[in-house]
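In the order they appear, the protein sequences are chains E and C. Sequential numbering of the first sequence, starting at 1, is according to my numbering. Sequential numbering of the second sequence, starting at 1, is according to my numbering.
Certain hints may be false.
[Stated by the list, open to error] Far from chain C by the CB rule (all over 12 Å, computed), these chain E residues:
no.: 1; residue: Ala41
no.: 2; residue: Lys140
no.: 3; residue: Ala276
no.: 4; residue: Ser364
[Said to hold, decoys possible] Residues from chain C shown here face chain E by an in silico Cβ test under 8 Å; the list is partial:
no.: 5; residue: His46
no.: 6; residue: Ser91
no.: 7; residue: Leu98
no.: 8; residue: Pro99
no.: 9; residue: Ala100
Hints are computed from structural coordinates only; laboratory data are not their basis. Since this is a predicted model, take the numbers as computed values, not measurements. Ideal placement from N, C-alpha and C gives every residue a C-beta, glycine not left out.
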Amino acid sequence: MNPVNVNREPVLAPDLAARVSRVGLVLAVLGLGAGFALGAAEGDNLRHFFWAYLVGFAFFFTFTLGGLFFVLVQHVTGAKWSVSVRRMGEFAMNTVPALGIMAIPLLYPLLTNAGREEFGGLLWPWVQPHGEHADLVAMKEPFLNVPFFIGRMVFYLLVWWLMARFFMKRSLQQDTDRDPAYAPTIAMRKLSAPGIIVFALTLSFASFDWLMSTAPEWFSTIFGVYIFAGCVLTIHAWLVISSVFLQKQGYMKKEVNAEHYHDLGKFMTAFTVFWAYIAFSQFMLIWYANLPEETGFFHSRTTEAWKTMSYLLIVTNFFVPFFGFLSRHVKRKPKMLAMWAVYVLIVHWLDLYWLVMPSMSPESNPFGLIEVATTIGAFGLFLWAFARQGVRHSVLAYGDPKLGDCLAHENY
Amino acid sequence: MSNNSSAELHGIIAEYHTVEEILAAAETVREAGYTRWDCHTPMPVHGLDRAMGVRETRLPWVVLIAGLTGGGLGVLMQWWMNAIDYNYRISGKPDWSLPANIPVAFETTVLFAAFAAFFAMWIANGLPRWFNPLSRNARFARATDDRFFVAIQASDPMFDQDATAAMLSSSGAHAVETVEEPDETSRPPAVFRGAVWSLVSLAMLPLFLVAMARYNTSDKPRVHLVPDMDFAKRIKAQAVSDLFADGRGTRPPVAGTFALEDMEAVGADPAYYTGKLGDSFVTDFPLEVTPELMQRGQERFGIYCAVCHGDDGRGKGMVAQRAAVLSPATWVAPTDLHTQPVVDLASGQLFDSISNGVRNMPGYSSQISYQDRWAIVLYTRALQRSQAASAQDIPEGVNLR
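Only chain E is shown next, with the shape it has when bound in the complex:
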């Protein structure tokens, strides 16, 4: 069709946003509180709680970083299709401060001696190398030491916060200034390319630090890409869910249509395959070479307690979603796609759980209420930080020069 006439009006939903953010806050307090109480009741010096907390933290982190990547990649490609959902991606990326708040308790396992003697630290075993490979882990001390680790943690969060702020500010400025030269958009486009590079490096190293170093004797250079696949999958699923929710509440009825859902669904399909591709690439080289220093990670996950779950992940995270929303008909039905998006978030969480927990407990799968509670808490915290921005800002980037193209967008 011809370009749609855009009446550049903000889409404001402050009451709804305030309600949702309150729900998020309640979930955060209840979830993290219940997780902590359950963890304390286990009497294992909060060890189980901190591992479950790390899974929740990683879950939150993939939303934020997924949002950051989404915004960066739309600017670097000059994408038109995504303008009407981009503001929600910006909200997701702008949750860095809340992520920072959630990172603070992680200092406890780094700084305290409690529980170290028995397990080599509450969470990251390199804090006090122990056991069979202690001398090997100790050799990584120049990189894996507490001050440097905390320094890096602050650095990543600071860089992400600055990036998120830059893009959020310019995007809002584009709305209100109505600058006919589109200076804020041009500034964002200019920074997005180097931003992608910074994003790739910080995401990789943050994944190495926070997740991979839970098994410090193991290493895989593709690990960051694996987490990246989960981030991109998460943000597209989240944009589908938020859009369907907003539309159900009567907002953005015209601004997001089947074409946009179709595209979001395409990215979900593509990154389901990408995830499988990366997961298999990581597995196959290690399996084929069969080097003792590399196989430990998969050995504990493909034998005994974790075997079933590992095989199940192939089905739940690849085959089911791939065939589930391969068809364009599914992608173009918002409610059905939203159900798949929820499914994607759940199995993505399972994936994170599977990445982290066997390092704590190779012999048994400790799955219980404590993981569920902390994850709900982490998600609640994200939801609070995400929705709070809707109280003050339009949920549509109505000043974006490409909004008209976005609304006229059609898949063939």
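Take the given structure of chain E and dock chain C to it, following the hints.
Leaving out everything else, chain C in the frame of chain E:
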């Protein structure tokens, strides 16, 4: 153009100037019930499919089925190659290992899906065709520039030259014209077809040459594509070389060279490190025999020995089979480990053979640790025992089938 009624009619075209006009016209023609017609536009027009009532393509199903077929065939092919035709054990992994098959199965999936999409598009679009009769119409040339056309074919069951033309005029066409079937055929010319078939035939040639070479013998030396690699400039062991002043190809160890083994440890336990005590080979195992050691031996035997000696130790491993075919004149077959002389060998001598090699078999001391070599000896003993068993060896209570 011409109204030469003797020529066969191909169809009628109607010209429009704007997107709105062509969309309205498409709806008119669709509602009139025509089935063999099309719209031609200089750029993609949003909503034209809907206006024309174009049915949804079935291409995705073709691609899906072809992709699944490709993936299945890819796995099947590798299963046949690895587990049936040439079951060569690689680093102790099972003959047929699914993880190793996935990259190839992935490629065949993509290959089949892509070819199916490509050629199904050809078929769906009636290709290959040299030209479309419409392209012989001068007015129609502007379909690639700034005009929009509806073309209704004469073969449409609803087609009636006057009624169809009238309908198109009333739909807002700026011009309506008949298009005749051209005199020439729309099949590609003979030269073109000839060229394509020649190329296809030529592409078969290498396959025929390969097939021929496989079933013929030749007394000419083989062609070396990379002579540097086939004939590396190296000095063979013990050979004369003028590279060095003393003419010796084999260089003596540099002053200060020492053996990798801890000579003190070897001296303290020669039975374990050499399989010998003094000049005679040991017959006892110089380490504790455990089920774990036996298992380790079985695994290592599978990795290092079975490729030549075979899983059963009878000297019929895949390497032996292939080498016997490829170079029957020079190949020394691996020993059948169940012949009496081998069974009678002292365990220490088996250990020594694994370590230092025997006849054509190279030594494995650099690849297999001392303990693993003993594990292999242990497993070889068990293998020999199993092949020389009698009915009395079967424990009570075990049923023979």
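Status of the hints after comparison with the structure:
No beta-carbon of chain C is positioned within 12 Å of the beta-carbon of alanine 41(E); the least distance is around 41 Å. Distance check on lysine 140(E): its Cβ is at least 27 Å (rounded) from any Cβ of chain C, clearing the 12 Å threshold; non-interface status holds. For alanine 276(E), the requirement that its beta carbon stay farther than 12 Å from each beta carbon of chain C is not met, with the minimum near 10 Å. Against the 12 Å criterion, serine 364(E) stays outside the reach of chain C, whose nearest CB is about 25 Å from its own CB.
Satisfaction of the interface hint for histidine 46(C) is found here, the shortest Cβ-Cβ separation to chain E being roughly 5 Å, below the 8 Å cut-off. Given hint, serine 91(C) at the interface with chain E, holds; its Cβ is 6 Å from that chain's nearest Cβ, closer than 8 Å. Look at leucine 98(C): its Cβ only gets to about 10 Å from chain E, farther than 8 Å, so that hint breaks. A distance limit of 8 Å between C-beta atoms decides the matter here; for proline 99(C) the minimum to chain E is near 5 Å, and the interface restraint holds.
At about 7 Å, the closest approach between the beta carbon of alanine 100(C) and any beta carbon in chain E falls short of 8 Å, and the interface hint on this residue holds.
When each numbered hint is compared with the structure, violations occur for hints 3, 7.
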